[in-house]
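S.K.: For the record, the sequence lines run as chains A and B.
Heads up: the first sequence begins at 11 in the numbering used here, then just goes up one per residue.
Heads up: the second sequence begins at 534 in the numbering used here, then just goes up one per residue.
In short, the hints are calculated from the structure, not lab data.
Check each hint, because a few of them may be wrong.
[What the hints assert, rightly or not] Here are the simulated DSSO-like cross-link-like pairs (lysine-lysine), alpha carbons at most 30 Å apart as the crow flies: (1) B/K669 <-> A/K122; (2) A/K122 <-> B/K678; (3) B/K558 <-> B/K678; (4) B/K693 <-> B/K716; (5) B/K678 <-> B/K693; (6) B/K558 <-> B/K716.
[Claimed, not checked] DEER-style ranges, computed between Cβ atoms: (7) B/R597 <-> A/A123: 42 to 52 Å; (8) B/K558 <-> A/A147: 34 to 44 Å; (9) A/E127 <-> B/L557: 43 to 53 Å; (10) B/R679 <-> A/A238: 52 to 62 Å; (11) A/G25 <-> B/A750: 38 to 48 Å; (12) B/H582 <-> A/R38: 32 to 42 Å; (13) A/E197 <-> B/K669: 30 to 40 Å; (14) B/L554 <-> A/R119: 37 to 47 Å; (15) B/R679 <-> A/G68: 35 to 45 Å; (16) B/R597 <-> A/M11: 53 to 63 Å; (17) A/A147 <-> B/G617: 54 to 64 Å; (18) A/F23 <-> B/W587: 22 to 32 Å.
Think of the CB as a built atom: it goes at the ideal place given N, C-alpha and C, for glycine as much as any other residue.
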Amino acid sequence: MTLLSLRGITKRFDGKPVLAGIDLDVARGERIAILGASGSGKSTLLRCVNFLELPDEGSVALDGETVGRRERELTRVRQRIGMVFQQFNLFPHMTALDNVMEGLVTVRRVAKAAARERAERELARVGLADKAAAYPAHLSGGQKQRVAIARAVAMDPELLLFDEPTSALDPELVGEVLGVIRALADEGRTMLLVTHELGFAYHVATRVIFLAEGRIHESGAPDEVLKAPRRERTQAFLRRHKEFSL
Amino acid sequence: MYQWDFAPVAANWPLLAQGLLNTLKVTGVALVVGLALGLLFALMRLSRHRGLSWPAGFVIEVFRTTPPLVQLFWFFFALPLIAGIAMTPYIAACVTFSIQSAAFFAEVFRGGIQSIERGQWEAARAIGMTEAQAMKRIVLPQAVKRMIPAFMERAIELMKTTTLVATISYADLLFAANEISQKTFRPLETFTVAALMYFVVITAFSLLARRFERRLAISGEATVH
Ligand SMILES: Nc1ncnc2c1ncn2[C@@H]1O[C@H](COP(=O)(O)OP(=O)(O)O)[C@@H](O)[C@H]1O
Ligand SMILES: [Mg+2]
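Using the sequences plus the hints, can you model the full thing?
M.R.: Dropping the structure here:
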């Protein structure tokens, strides 16, 4: 079953094309790792999926329904898509628990008590039950990102978008966040994951795509793209990531 | 050598107390109305719709670039002639200083709102909030915290500016002091006492404000990132 369908997604910034016609179908339960050099448009692609950027051309369909451009429609679609940012973007004026509850209470209109219970469960799931009352300023980077993941997952998204979720972390904190994402993958959740953690992509993704010049330059199973890339640009990109170990 | 004699001033303390009360009344009204109206102006000015942003910008600029005394005279003397709207000195003072503080607060609000990182908006939108929800739940609470020092500054400034209402015969602290000094022929003592009263009230207010700010900081809420 196709959950997400992108057709001819094009995005220009100041006349410069960043995405030059992206076609992508994502089935339920698929986990797609998106690779590409810095500035190749990986973030822009994710942001076009939940309309934080409006594509200049092309269409996004969720569950077979093409999403229109009316604000109400965009808001409704965003409720079905969770996003995790490189810089966490936690709400600093709220505790960890309130961060996770916020979407349930304000957007979903869930009763406070039920929302709290759900949020506590989500925090426990990412191993932060004891940090419920802590403000983001008092959490480590890894803890912040785990709260951010709990915040996204609490909304029961059908699709999860990860934009370099471990790139802003100290190396020793990367593992705890990857562990949480791994657990979500094991539940069979559908995700798009932009990452430079190639080993993680290899083990977790069902498909890998490589972006270059605004297009999907190469796409295939992790075994193919990561171990035996056919295109020269992909090979060069992988050579530059020497730390990559499968 | 000047012979200080505070007895005549002390004998008139009810007048001074009433004057102080009247000053606080105008300042209080102008602060409360100014904050609410200022937020409205700021939201209008930030709006994408020109029909909202342009009028708000116009009012803000007019009130920020004209002297408060002129504004006060305009409301008190000109408006009755032009529109037939007569106001008591108290109402004229409240209207003038409310709109005038709104103009200043609007700019403070706008600066505060614009200082919030784009990522906060994006995180709010990403969980499905509307723009209004994101503003109310995520952006404004953080912005307001950053604006507290500017608010305090403005409140103190306002209290001092309200002395202008004496010119339209509103019996504020300065007006009372003026009366007493003419009655007792003791201007030095009277204005010294009046200055002290402003000093005490404003200092107390500043101390309270600073304590409030520190409490916010301790709770961790004021720290961003
Ligand atoms: N809001 C924006 N305004 C202007 N240029 C942008 C904006 N967002 C991204 N870009 C540009 O688009 C290109 C792709 O950016 P991005 O999608 O963030 O790449 P990646 O995530 O692959 O590093 C970069 O050159 C970047 O400078
Ligand atoms: Mg990026």
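S.K.: Determine which of the earlier numbered hints do not hold for this structure and return their numbers in increasing order.
M.R.: none
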